[in-house]
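Chemist: Residue numbers (numbering that gives the first Met the number 0), protein chains in the order written: chain S, 0 to 306; chain A, 0 to 471.
None of these hints come from the bench; they were simulated from the model.
Heads up, a few of these hints could be off.
Take a look, some chain S residues computed to stay more than 10 Å from chain A by CB distance [stated by the list, open to error]: (1) 62; (2) 83; (3) 95; (4) 203; (5) 219; (6) 258; (7) 268; (8) 276; (9) 277.
Under the rule of at most 25 Å between Cα atoms (straight-line distance), these lysine to any residue pairs were calculated in the SDA-like manner [stated by the list, open to error]: (10) 77(S) with 208(A); (11) 78(S) with 471(A); (12) 78(S) with 319(A); (13) 224(S) with 194(S); (14) 77(S) with 304(A); (15) 78(S) with 313(A); (16) 78(S) with 317(A); (17) 78(S) with 316(A); (18) 77(S) with 2(A); (19) 78(S) with 2(A); (20) 77(S) with 321(A); (21) 77(S) with 319(A); (22) 77(S) with 316(A).
Backbone N, C-alpha and C fix where the C-beta goes; we use that ideal spot for every residue, glycine too.
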Amino acid sequence: MTDAVLVASGVHKQYGSTLALRGVDLTVHRGELFGLLGPNGAGKTTFMSILAGLAEPSAGSVTLFGVGSGSRDRDLRKKIGLATQDLAVYPELTARENLEFFGRMYGMRGVALRDRVAEMLAAVELTDRADDRAGTFSGGMKRRLNLAVAVVHGPELLLLDEPTTGVDPQSRNHIFERVKALNAAGMTVVYTSHYMEEVQTLCPRIAVLDGGKVLACDTLGNLLKLRPAKLRVRFSGGDGWAGRLAAIPGVTAVSPDGDGFELRVDDLPTACARVAVATGESLVALDPDPPTLERVFLHLTGKALRD
Amino acid sequence: MTPTLTIALKDLRLLLRDPRSAVILLVMPLLLILVLGLALGDAFGAKPDDRIRISVVNLDAGLPSDHGPFPPGTWSEQVLADLTDTADIRVENIRTEEEALQLVRRGDRSAVVVFGPKFSEYAHRCSFVDEPFKKDPINPLFRDGVQTSALDVKFLVNPTQPVAASVIQQVVQVTLLRVVIPWMIGQAFDMIGTDPFMERMEKHIPELKLAYPFVSKKKLGKGIQDGISAFFSQYSFRAKTWAGLTKSEPPVPRAENRTAYEAGDSGVFGLNRGAARYQILVPSYTVTFAFFLVLTVGWLFVAERRHGTLVRLRAAPLDRWQILLGKLIPCLAVSLFQGFFLLVCGKLVFGMSWGPEPWLIVPVVASTSFAAVGLATLVAGVARTETQVAVYGTMLVLVLAGVSGSLMPRDLMPEQMRQISLVTPHAWALEAYSQLLGNPEPQTDLVWKSCGVLTAFGAAFSLLAWWRMRLD
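Whole structure, please, built from the sequences with the hints as guidance.
Modeler: Okay, here's the thing in structure tokens:
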């Protein structure tokens, strides 16, 4: 994972008086499934537009595959697949026609194109509806087609901007599976979302973006360490529990919480086991509160992700 | 296949699958032409003609077998030639008496002259003299001129148009006199000095015989004939034609004054195929609706933005010109198809004429389409939503159509307004069509000039559109 596919350095983007990006620095390596987490208006789509060559940074630079994204290099564009937040398929064309059209836009022809289109239709489970117009599809089917169109030309880097907006859970899971499969096949993926659960489920490395700035960028595990896990415990009686709990290895802090205590722990499963052993039959309730990106985001920004 | 062509084929497919385009570009103009064609009278679009039109049914069976050297053709031909060549009257030939009767009854013709089958035979028997000088002579003259019934000539008259019918009858009367009288004079003059003539003279002047020992009867007869000729020195009594009788230059034949009545399909839904109004309605609405392409192109661009597919195209390894050109090629193709489709329908459905130089319609349609596509692209570059396209586009197209005179015959516009209208491409297209479809001898230089101006309009619109068009 040392081969950098994407290097963003001090990227600013200004629209009139609005500063959409404020010095974004990011590096994504070949084969990564990289998450960009942030609320609406954080600057995710702006950043993706710059990566896709649809917009120029006001300041700073973006390098993709070693080439500046502003060069509009045709070979570079062929290496990139884009699935925008909005559905970007022709509703009057069939699924097959959409795939064939965009395949041709990237220079695909003949049997190779035909085979690739069939492969994509099968991959997103639209073979049965291949010759139906996209306008007749459900929201989930359109999203799947949207993803297939983005990768029909076999890009090395896939930019997915909120690809599950407005889809049912079944289609969402299907998209997750496809993204994982594409990544497993070697495709580098940058996945933006304001759904914490999606990014947490899919992406081993995540950047948290808010107000046009990257607040944190690390592996999921390291990010979660920014806010340690909590454990709430209650006892049937006895005194001196605060001191006894603080002495348990892995417990970093103890504070009163109603009729019990709130513990901060390094490793939640281990801490649960140790607390249970140390407190014995006096333990009435053990309520683990694992670390989440939601809490990390709250910690970093002072606001909830969905605010 | 190049990306441009791929985009073009895709957009053509989208256009074909969008019923709005077909309705606006093809169905609506045809409907309007149909409705207006039914609603407007025959006078709409008919050009004022200085020449009087005499409608004729010629059933003349020809001259008798022993007719002699004069006239060279039938007597009805003599009459028609006099009408067209001497009086510069437009003669319209109607095939059958039944057809003429229908036209008169409908009020389409105030009067029709019918030359019966025996017209030549009777005209040939017209004579000032009786038997034995002329066998079965007919005297057609009476107080009011020529007694037409005596010559197997009749008038079919619409009683609701007595004045117009009377004018036609008087014109025919004068022509008949001009044809029959020189013939009757000529025949009579040829007989002066002949033996039967001298014998008749001897009955009135018995002393005439006393001169024969000194001068022969033949010489005496010729002397009388020559004497009369000399006395009427300004006339040639033997000529048998009006020009000859009056010693005038014979008139120049004017074939252009002869036309044949072409029956329209007025019976089928009252279309009246071939009526003059279609020569104006079809090109007017072809031009007006060519510019309704503004809506189609506008919607095509707006839809590309709305569907987000324009973003995909911009992200693809394509240049801006490839995307724009790919979108404009099908629009131009649709516009060309629309132009030719409406003109073909104009001919097949409405019976319009493509004029004497139909091939020149091709550059007019092409340059009009180019101008329309340019304007449409400009509007597409400015409008951001479908509503904007519909409102701005419709307003623009209707205002331009109104200013240009597409919604009325340009001939009805005041001269000043006609000049002002030339700021619109529509007016130039209509000027070209007016030459090609309305002028029997089109001025091709004016047609080419119009095509040039339309092309310039198209180029200017396209350049502005290229400058204004934003793909983001």
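Chemist: So which of the earlier hints does this model not fit?
Modeler: Going through the list in order, the structure violates hints 2 and 10 and respects the others.
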